[in-house]
Structure formats: C-alpha cells, structure tokens
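*Asks:* The primary structure of each chain is shown beneath.
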Amino acid sequence: MERRTIFPGWRLPLLLVAPQLLLTLVFFYWPAAEGLWQSLTRTDAFGIHTRFVGLANFAALFADPRYRSSVAITLVFCAAVTALSLGSGLVLALAADRELRGRDLYRVLLIWPYAVAPAIAAVLWLLLLNPQIGTIGRWLVALGVHWDYALNGTQALLLVIVASAWKQVSYNFLFVLAGLQSIPRAVIEAARMDGAKGFHRFRTIQLPLLAPTLFFLVIVDLVYAAFDTFGVIQAMTQGGPGRATETLVFKVYQDGVVNLDLGSSAAQSVVLMGGVILLTALQFRFLGRRVAS
Amino acid sequence: MKRRALLAGAAAVSAAPLLPSARAAAPVAITWWHSMSGALADQIARITRQFNASQSEVVLTSIFKGSYPDTLNAAIAAWRAGKAPNVVQVFDVGTGSMLAAGPAVKPVWQLAQETGAAITPASYIPSVRGYYSLPDGRLASMPFNSSTAVMWYNVDAFTAAGLDPAHPPQTWPEVMAAAAALKARWADPLNKRGGPTRYAVTTSWLTWIQFEEFSAVHDIAFASLNDGFDGLGAVLEINSPAHVAQLQRFLDMAKAGTFHYGGRDSAPDPMFYSGVAAIGFGSSAGRGDIVRNAKFRWAAAMLPYDPAVTKRPHNTFIGGASLWAMTAPHRAAADYQAVARFFEFLARPDQDAMFSQASGYVPVTFAGYALSKQEGYYAKNPGADVASQSLTRSPVTNYTRGLRLGRLPEIRNILYEEVEQALAGHKSAQQALGQTVARGNAVLRAFQRSVAG
Amino acid sequence: MSGCRDWLAHLVLGLGAALFLLPIWLAFCAATLDPAAIDRGELSLVPRLDHLGVFLEVLRHGGPGVGPVWRMLAVSAAMALAIALGKIAISILSAYAVVFFRFPFRRTAFWIIFVTLMLPVEVRIIPTYAVMADLHFIDTFQGLTVPLIASATATLLFRQTFVAIPDELLEAARMDGAGPLRFLWDVVLPVSAANLAALFVILFVYGWNQYLWPLLAATSPRLDTVVIGIVKMIGIDTSTEWNKVMATAVLALVPPVLVVVGLQRWFVKGLTEGEK
Chain V
7 MERRTIFPGW RLPLLLVAPQ LLLTLVFFYW PAAEGLWQSL TRTDAFGIHT RFVGLANFAA
67 LFADPRYRSS VAITLVFCAA VTALSLGSGL VLALAADREL RGRDLYRVLL IWPYAVAPAI
127 AAVLWLLLLN PQIGTIGRWL VALGVHWDYA LNGTQALLLV IVASAWKQVS YNFLFVLAGL
187 QSIPRAVIEA ARMDGAKGFH RFRTIQLPLL APTLFFLVIV DLVYAAFDTF GVIQAMTQGG
247 PGRATETLVF KVYQDGVVNL DLGSSAAQSV VLMGGVILLT ALQFRFLGRR VAS
Chain E
174 MKRRALLAGA AAVSAAPLLP SARAAAPVAI TWWHSMSGAL ADQIARITRQ FNASQSEVVL
234 TSIFKGSYPD TLNAAIAAWR AGKAPNVVQV FDVGTGSMLA AGPAVKPVWQ LAQETGAAIT
294 PASYIPSVRG YYSLPDGRLA SMPFNSSTAV MWYNVDAFTA AGLDPAHPPQ TWPEVMAAAA
354 ALKARWADPL NKRGGPTRYA VTTSWLTWIQ FEEFSAVHDI AFASLNDGFD GLGAVLEINS
414 PAHVAQLQRF LDMAKAGTFH YGGRDSAPDP MFYSGVAAIG FGSSAGRGDI VRNAKFRWAA
474 AMLPYDPAVT KRPHNTFIGG ASLWAMTAPH RAAADYQAVA RFFEFLARPD QDAMFSQASG
534 YVPVTFAGYA LSKQEGYYAK NPGADVASQS LTRSPVTNYT RGLRLGRLPE IRNILYEEVE
594 QALAGHKSAQ QALGQTVARG NAVLRAFQRS VAG
Chain Z
87 MSGCRDWLAH LVLGLGAALF LLPIWLAFCA ATLDPAAIDR GELSLVPRLD HLGVFLEVLR
147 HGGPGVGPVW RMLAVSAAMA LAIALGKIAI SILSAYAVVF FRFPFRRTAF WIIFVTLMLP
207 VEVRIIPTYA VMADLHFIDT FQGLTVPLIA SATATLLFRQ TFVAIPDELL EAARMDGAGP
267 LRFLWDVVLP VSAANLAALF VILFVYGWNQ YLWPLLAATS PRLDTVVIGI VKMIGIDTST
327 EWNKVMATAV LALVPPVLVV VGLQRWFVKG LTEGEK
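Residue numbers (the numbering used here), protein chains in the order written: chain V, 7 to 299; chain E, 174 to 626; chain Z, 87 to 362.
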C-alpha cells in the first residue's frame with residue numbers, strides 16, 4: 007500500500023487532511039463518545055436523572071433472547087439481500103456484457119432504481135404486494151395463495167428482503183459490468199482459442215478476475231442491508247409480525263426513538279459500531295493487500 | 174420578510190424580557206411542533222393564521238416534525254440542547270413520559286396559575302380531560318386532537334346477510350353471531366364467485382381498541398394502581414379472565430374464518446372502506462376516509478361489551494394527542510404568557526367546533542360539542558356523534574379515564590407481537606397475555622428506575 | 087456471437103428492466119387516478135392521460151400540508167449538491183495527503199478517518215443533535231449538510247484511485263518542478279475525473295434521499311426537502327390525496343435519475359478504471 011515516490015514536507019499534508027479530520031472528530035467521535043458514555047448509564051429520555059450503571063446495559067442486552075434472535079434475523083436478512091442483489095446483478099451484467107442491440111437502453115433501464123429512496127421503494131412495493139390493496143397481492147390471494155405477511159413471519163421477511171434487494175441490484179449490476187469490461191479482451195480471446203465456452207469460461211476465466219469486485223460488493227451489500235434498510239422495514243412491517251423482521255438497526259431506532267430507552271439503545275449502537283469497525287478493518291486489509299499486489 | 178420580523182421579535186424579547194415597554198413594542202414569537210400531516214396540516218396552518226390574526230402580542234409559528242414518535246424525540250433532543258419549542262404535540266401514549274419529565278414541561282395548571290389564563294378543566298369532557306389530568310383533576314396538558322374507538326359496519330352487507338342494520342350488535346356474542354351470518358351469506362357467496370376475498374370482521378388499532386378501550390368499557394383494570402394514575406409501581410393486569418376471553422374470541426373468529434388480522438395500528442383501515450370487511454373496528458377519526466371511499470351504505474356503533482363481565486357498559490376514553498408547554502433556559506414570563514394566550518384561543522368553543530368538524534376528531538369541550546350540534550353538524554353528518562356518545566356513555570371511573578403508564582408505545586408493541594404469535598397459532602391466549610404482562614412489567618420497572626434516578 | 091445467446095440475453099435484460107420499471111410505472115399510473123383509488127385497492131396499470139395535470143399542479147401549488155414541489159426539489163438539490171461536492175472536496179484533499187506524503191501520525195489520522203466509514207448518521211442521531219446545538223447549527227443549511235459530509239466512503243475510494251497512479255507520473259512531474267498542489271490540479275484530478283463523476287452520482291443520491299436527519303436538524307418549512315414533503319403529504323387520521331403523493335414521488339425521482347443516467351457512461355468508466 008506504500009508508494010515509492012512521495013512529496014516531501016509535513017505541514018501541507020496536515021493542512022490538507024485537517025478539514026476531514028476536524029469534521030470526523032466533531033461529528034463522529036464527539037457524538038460517539040457521548041453515545042459510549044450513555045451506554046454505561048441508566049437515564050430517562052430527558053436526561054434529568056442519569057446514573058452510572060457500568061456494563062449493566064450490555065449484560066441485559068446479551069441476556070435477552072430477543073436480542074439474540076434479532077442478531078439471527080439480521081444475519082439471515084443481510085445474507086439474503088446480499089445474495090439476491092449480487093446474484094441478480096451478476097446475471098444481468100453477464101447478459102449485458104456483449105455486443106447487443108439496445109445495450110445502452112438496457113443499461114439506463116437497469117440502473118435507475120439506484121436513485122430511489124429506500125422508504126419510497128418500500129411504498130411502491132406495498133402498492134404491488136399488499137394483500138388488500140396491492141395489484142399482485144390481490145391477485146395472489148384470488149389465486150388461493152395464502153399470502154398474509156401481516157401474520158406470516160416468513161412471508162414478511164421475504165417481502166422486506168425483496169424490496170431491499172431490488173434497490174441494490176443496480177449498484178451490483180454496474181460494478182460487475184464494469185469489472186467484466188475491465189477484463190482485457192485478449193484474455194477472453196485466448197480462452198476462446200483454448201475452447202473454453204459458456205459457464206466453463208465464466209468459472210475459470212471471468213470469475214477469478216471478478217473476485218475482488220465481488221468481494222467489495224459483498225461488503226457494500228452487507229453494510230447496505232444492515233444499515234440502510236431501516237426505511238424499508240419501517241414502511242412495510244414495523245419489525246413485525248411478532249419480531250420476524252426486527253433487524254439490529256431497526257431495534258436501535260425502535261428502542262431509542264420510540265421506546266425512549268436510551269441506555270439500551272446506546273449500548274446497541276456501541277455493539278454495532280464495533281461490528282462496523284471490524285467489517286471496515288476487514289475490507290481495508292483486503293483492499294490494501296489487493297492494491298499492493 | 175415575515176420571518177425577519179419574527180426573529181427581530183425574538184431578539185427583542187430575549188434582550189429585554191422584563192421591560193414592559195419592549196414587550197409592547199414587539200410581539201413575542203412562539204413555536205409549536207406538531208405531527209399533523211395531509212389535510213390536518215392545513216388545519217394547523219388555519220389555526221396558526223387565525224390565532225395570529227386575532228391578536229397582536231404573539232406570533233405563532235407551527236412546524237411539522239414528522240410522526241408522533243419523531244416529534245417527541247425531536248422535542249426531547251431540543252430540550253436537552255436548551256432549544257425546546259414552546260409548545261409540542263405529544264401523542265396520548267407519551268403522556269406518562271411527559272409527566273415524568275419534571276423540569277422539561279410546564280403543566281397547564283401551573284401555566285394557568287402563573288399567567289392567570291382562563292383554562293377551566295371543567296369545560297372539557299371528563300373522558301377527554303381524564304387522560305391528561307393528574308389524579309386530583311389538575312390539567313397537565315391541553316387536550317387537542319382526540320378520537321375514540323367505534324365499530325363501523327357495512328349496512329349493505331348487513332342487509333345481504335339478513336341482519337337488521339338498525340340494530341347493530343351490542344355484545345360480543347351478538348358480534349360473533351353476526352360475523353357468522355356475514356360470512357355465510359355475504360362473504361362466502363362473493364368469494365365463491367371469484368371476487369376479492371371478503372371477511373366479516375377486522376380491527377384497526379387492535380391493542381388500543383380491543384384491550385385498552387375494552388378494559389374501559391368493562392370498567393376493569395388494564396394495570397394496577399388505577400391504571401397507573403396512582404403511581405409508577407403499577408403492573409399490567411391484562412391476563413385477567415376477561416382479557417383472555419377477549420383474545421380467545423379473536424382466535425376463535427380467526428379460526429372460523431370470520432376475522433381477518435390486517436396488521437398493526439391503522440393499517441387495516443382500508444379493509445373496511447374498500448368493502449373487504451363488513452365490520453371494522455377503528456378510530457372515530459377515520460370517518461373522513463370512509464365518507465370519501467366507501468361505495469356502500471355504512472353506519473357506526475359503540476364498542477360491544479361482554480355480558481359475562483358487565484351488564485352496564487362504560488364510557489370509552491380518547492386516543493390522539495395533546496399539547497404540552499415546554500421549558501427552556503432563559504425563557505421569560507412573557508413567553509409563557511404567550512403560550513397561555515394560544516391555549517386560551519384553542520379552548521374557545523368556536524375553535525373547538527371548527528377543528529372538530531374539519532378534522533373528524535371529537536369536540537373536546539362541552540361547549541364545542543353543543544355548538545356543533547346547534548350548527549346542525551350532527552344532523553347533516555349521521556354517525557359523527559357516536560364517538561361523543563361513547564365518550565359520555567357513563568360517568569368516568571378510575572378505569573375509564575385513560576392510562577398512565579410509562580413507555581406505553583413499547584408495551585403496545587409487545588402486545589402486538591404476542592397477539593400476532595397467538596393468531597399465527599404459536600401460542601394460546603393465556604400464554605400470549607401472560608407473556609405480555611411479564612414483558613410489559615419489565616418495561617414498566619425499567620421506566621420506573623430511569624425516572625427515579 | 088450466436089443468435090440464441092443474444093435471445094437469452096435479451097430475455098434476461100428485458101425481464102430485469104420490466105421488474106425495475108413495474109413499481110415506478112404503478113406510481114405513475116396512481117398519480118393520474120382519483121385521490122382515493124389506492125385506498126380502495128383500485129390501482130390500474132393504465133394511466134389516465136387526461137389527469138396528467140396533477141404533475142404540474144403539485145409542482146406549482148404543492149399538496150395538503152406542503153408548499154410547491156418545485157421549491158422542495160430545489161432545497162433537495164441544493165442539499166444533495168452541497169453534500170456531494172463538500173464530501174468530494176474534503177475527501178480529495180485528505181486522500182491526497184495520505185497517499186502522496188509522509189507526515190507524523192499519518193497512520194493514526196488515516197485510521198481515525200476510516201473507522202467511520204460505514205456508520206450511518208441514524209445510529210448516532212441524538213448525540214449528534216446535541217453537538218449541533220452546541221455549534222448553533224440547528225435550523226441552518228450548514229446543519230442540514232455538514233454532519234452528512236463527515237464520513238469516509240469517498241476518502242477510501244479516492245485513496246484507491248490515487249494509490250493506482252503510476253509512480254512514473256509523479257517522478258515526471260517532480261522532474262518538471264511541479265509542486266504538490268500543481269500536481270494535484272494538473273495530473274491527479276484529470277486522471278481521476280471518471281471517479282469524480284462516479285462518486286458524485288453515489289453521493290448525490292445519498293444526499294437526495296436523506297430523511298431522518300433533515301427532519302431533526304431543520305425546523306423551518308423553508309428547509310423542507312422533497313422526501314420530507316412526501317411524508318408530510320401522507321395524512322395521519324385523515325384521508326390522503328394519493329394522486330398528489332404519487333405525483334410528488336415520481337417527480338422526486340427525476341433529478342437523481344437524471345444524474346445517474348446522465349453520468350452513467352462516466353460512472354461505468356470510472357469504476358472500470360478504479361478496478362484496475
């Protein structure tokens with residue numbers, strides 16, 4: 007990750023890095039420190055009575071079977087959203103990576119959902135899939151399908167997974183397509199001469215060259231699924247039925263903003279922050295090594 | 174332009190809060206944070222305009238801050254930062270949290286005492302003011318948008334099923350009998366013809382209507398210590414035989430195919446007015462939607478009661494939101510005076526009646542109701558006063574004035590979760606309510622500890 | 087290329103495009119129906135062309151509870167632009183410093199920034215509000231944008247691009263006597279143009295779609311963004327004019343979609359080069 011050639015001096019670089027550092031310290035570390043302190047206290051919503059309770063909030067959290075089930079739901083949810091959006095993106099990109107009539111039009115049509123806000127995406131999907139008012143939902147019920155996500159937890163989870171993945175497919179499509187197009191033509195031609203075809207060619211030539219892109223996308227998708235899908239869940243299921251769609255970030259919001267249980271909410275944020283730092287370090291190490299090699 | 178004048182006013186007041194001459198020269202600026210969206214936002218704008226036009230000492234600005242929880246959260250964050258709005262609209266279930274907020278709020282009774290404002294609790298309908306009063310009757314917040322639970326029914330469906338629409342079911346056994354008839358003679362024949370699936374019964378706000386209001390109608394405890402009014406140590410009591418029987422009715426109806434669960438809060442509303450369900454329990458404030466959407470004749474009735482529990486059904490209490498006066502450092506007497514002027518304006522019978530007629534909420538004062546009646550509003554809008562009748566069905570008791578529990582939104586969600594699991598067949602009624610009580614009590618204790626310091 | 091494979095590709099792409107288009111087509115149609123059609127479940131897949139005026143109406147006059155939509159679109163655009171450009175500016179500078187210099191605590195600074203990579207503002211919303219209040223940023227345009235600028239995504243992506251710039255370029259520049267700032271302006275920025283475009287798209291969309299933060303940080307209706315406007319138009323305890331909500335939702339899509347589609351050639355190019 008180190009360059010051989012650099013500029014001398016240390017005043018200018020410090021000056022250049024200062025704005026970002028300042029913003030990060032003020033808007034990330036300062037609030038994070040307050041959050042960390044809050045996670046060690048028991049406090050009412052208004053902060054009138056605050057008492058230091060040590061790690062009690064964390065202990066309560068990890069002893070709570072519902073927190074553990076929320077962890078499990080988050081894992082399933084993130085894995086499914088990642089698999090679905092990456093898989094669809096990959097298939098679409100492979101289809102688009104050829105001289106095809108109307109290729110540019112397809113590309114435009116396939117990337118625009120990226121611009122849709124998650125909460126709006128959720129409302130649009132409700133219009134389709136709600137069993138009472140949704141176009142497809144009513145049709146399913148009329149066909150005799152037992153489509154009822156207000157009570158069926160599996161269906162509810164499926165619903166939020168589809169709506170969340172839909173928005174992320176474009177992003178994956180673009181990156182995979184870019185990755186495919188950056189594979190030198192010569193490599194593909196050579197493989198063709200060797201008689202490699204279809205899936206075999208994909209598996210032996212394209213997939214290994216795509217691996218770094220795919221790894222990057224897995225991380226981005228996981229983070230998207232974990233953190234940016236709050237609006238989708240809020241608009242579609244509010245975490246229900248039961249707690250079937252209560253992911254960790256939704257729970258942080260629910261406990262902090264709706265239930266006004268700030269100590270526990272802060273403790274959950276701290277746990278999440280830890281997870282994020284871990285993921286970041288993982289991604290960074292990987293990217294660092296890849297660029298160096 | 175207007176904003177500049179407003180800022181100038183604020184600056185003048187904060188610079189010289191105690192000089193009467195300065196106060197006379199520049200109006201006091203106050204802000205009101207609210208959650209009223211859609212057509213109701215236009216009502217807020219109208220109230221703001223009319224109040225500002227009605228006098229020259231105060232300039233009110235109203236600001237939308239998102240959903241009820243978002244608004245409360247914004248107000249809390251702002252108070253902690255010393256920038257609370259003068260007035261904030263807080264939903265019914267946030268009342269417990271606000272009452273425990275001590276220095277953050279200025280209760281209405283105190284505001285009236287300090288400013289000499291004429292806000293008389295007795296002018297408010299008891300089942301409205303009860304929710305927002307201390308046990309001794311002192312008013313803590315200003316009643317504002319209020320509704321109660323009613324039973325809407327599809328008159329055409331009743332006729333088709335051979336039921337008498339003039340005599341809607343009054344007890345739960347009658348509701349269940351009607352539901353069976355509706356299924357057999359209205360829903361099933363249509364379903365067989367391949368139309369959209371129909372159901373006899375659905376309910377919006379299941380936790381509020383079928384458990385909280387249910388407890389009031391039967392004059393039984395939702396929680397100990399008089400539903401929490403007498404102290405923070407209350408425990409839930411909704412695992413009583415009467416409550417278990419209530420949940421069992423819904424499980425039985427779901428099994429028989431006469432009840433369909435359409436989701437939490439107001440999500441099931443469209444099922445009634447789109448003609449999917451023949452009986453829809455809902456908020457009285459949903460009337461506007463029904464008027465606009467229903468392509469059938471409909472009517473409203475008061476909530477049914479279980480004759481095995483009581484022979485004399487009681488009044489329901491309200492849902493909705495009230496207005497709280499908030500404190501902030503450096504807030505001067507003149508600012509509270511301005512808030513008091515605004516509250517007095519809201520309490521005027523003409524304002525109460527106007528807001529009620531335009532919004533679909535109930536009038537909160539006796540005079541407002543009388544005025545609406547005198548103006549012929551209820552004659553022209555049949556069914557609109559079922560809510561007011563339900564609120565005044567009986568004298569208010571310790572169990573029919575509302576709930577006073579901390580973190581009630583969380584408790585409602587717990588009840589939703591448990592009921593959903595029972596409806597999905599994972600739990601019995603007894604188990605679901607037993608677990609609601611256990612989990613809810615843990616929340617109540619956590620709240621008690623947090624506000625005790 | 088065999089015709090059969092092309093046919094399969096057309097099928098896959100066509101299916102994908104249709105699936106992507108379906109929800110938005112539905113919203114477009116809903117905008118032209120009567121206000122309550124959605125509540126009644128009477129959605130149609132055929133728009134009523136004689137009702138297209140609703141788009142002009144919300145643009146000019148807004149809907150229940152909100153002012154004209156063009157105004158909210160302007161606030162959203164200003165906010166998204168400020169966030170995108172602000173983030174790009176500070177990220178270029180810091181990534182440049184980290185890649186092309188050695189200075190004391192470089193690694194520390196580096197980690198301090200990158201650890202914040204993925205933490206969304208939603209998770210730290212109440213403490214952030216307190217900080218904003220201390221800085222007197224509440225209800226200002228800075229308050230709306232600056233906290234959202236403070237994240238490391240863009241820095242990381244620029245760092246990747248900069249690391250890939252060949253040493254020879256830098257050596258040549260130094261031989262010509264170019265200073266660090268001149269090198270940044272004359273060489274690094276042009277080389278990264280495609281990445282700039284790609285990041286601009288990502289950040290513009292990110293800024294455009296913010297909801298929770300603007301709701302908390304801005305209290306004046308002057309600062310209503312279009313996403314807040316949509317939420318505001320959906321009534322509680324009252325009937326919602328769904329046609330206007332849907333028309334606004336469709337209009338709210340236009341600017342970010344234009345940005346995405348307009349810059350997509352650059353976008354793909356930028357990513358391709360970044361992936362080398």
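Note that these hints are calculated values from the structure, not bench results. Predicted model, so just to flag it, every value in this text is computed and none were measured. By construction, the Cβ of each residue, glycine as well, lies at the ideal position given by its N, Cα and C atoms. Incorrect hints may have been included.
[To be verified] Pair ranges (Cβ atoms, derived): (1) Arg74/V <-> Lys484/E: 44 to 50 angstroms; (2) Leu267/Z <-> Phe205/V: 19 to 25 angstroms; (3) Pro252/Z <-> Pro502/E: 36 to 42 angstroms; (4) Ile189/V <-> Asp92/Z: 33 to 39 angstroms; (5) Leu61/V <-> Ala506/E: 21 to 27 angstroms; (6) Ala39/V <-> Thr483/E: 29 to 35 angstroms; (7) Ala104/Z <-> Arg465/E: 43 to 49 angstroms.
[What the hints assert, rightly or not] No farther apart than 20 angstroms at their CA atoms in a straight line, the calculated lysine to aspartate or glutamate pairs in the EDC-like style are these: (8) Lys256/E <-> Asp225/Z; (9) Lys600/E <-> Asp392/E; (10) Lys256/E <-> Glu128/Z; (11) Lys428/E <-> Asp103/V; (12) Lys484/E <-> Asp558/E; (13) Lys468/E <-> Asp225/Z; (14) Lys256/E <-> Glu40/V.
[What the hints assert, rightly or not] Not everything, but these chain V residues come out facing chain E in the computed CB check (under 8 angstroms): (15) Leu21; (16) Pro25; (17) Thr49; (18) Ile54; (19) Gln161.
*Asks:* State for each hint whether it applies.
*Replies:* Each hint tested on the structure:
1. Arg74/V <-> Lys484/E: 44 to 50 angstroms: Hint holds: Cβ distance 48 angstroms, inside 44 to 50 angstroms.
2. Leu267/Z <-> Phe205/V: 19 to 25 angstroms: About 51 angstroms separates the Cβ atoms of leucine 267/Z and phenylalanine 205/V, which means 19 to 25 angstroms is violated.
3. Pro252/Z <-> Pro502/E: 36 to 42 angstroms: About 59 angstroms separates the Cβ atoms of proline 252/Z and proline 502/E, which means 36 to 42 angstroms is violated.
4. Ile189/V <-> Asp92/Z: 33 to 39 angstroms: 20 angstroms, violated
5. Leu61/V <-> Ala506/E: 21 to 27 angstroms: 45 angstroms Cβ-Cβ, so the 21 to 27 angstroms window is violated.
6. Ala39/V <-> Thr483/E: 29 to 35 angstroms: 56 angstroms, violated
7. Ala104/Z <-> Arg465/E: 43 to 49 angstroms: 33 angstroms, violated
8. Lys256/E <-> Asp225/Z: This hinted pair holds, its Cα atoms lying about 11 angstroms apart.
9. Lys600/E <-> Asp392/E: 27 angstroms, violated
10. Lys256/E <-> Glu128/Z: 46 angstroms, violated
11. Lys428/E <-> Asp103/V: 53 angstroms, violated
12. Lys484/E <-> Asp558/E: It is violated: about 23 angstroms lies between the C-alpha atoms, which goes past 20 angstroms.
13. Lys468/E <-> Asp225/Z: 45 angstroms, violated
14. Lys256/E <-> Glu40/V: Holds. Lysine 256/E to glutamate 40/V sits at ~19 angstroms (cutoff 20 angstroms).
15. Leu21: Hint violated; leucine 21/V Cβ to chain E Cβ min 32 angstroms, cut 8 angstroms.
16. Pro25: 25 angstroms, violated
17. Thr49: Given a least distance of 6 angstroms, the restraint on threonine 49/V holds.
18. Ile54: Holds - the Cβ of isoleucine 54/V comes within 8 angstroms of chain E, reaching about 6 angstroms at its closest.
19. Gln161: For glutamine 161/V, the interface hint is violated, since the closest Cβ of chain E sits about 11 angstroms away, which is over 8 angstroms.
Hint compliance for this structure: hints 2, 3, 4, 5, 6, 7, 9, 10, 11, 12, 13, 15, 16, 19 are not met, and every other hint is.
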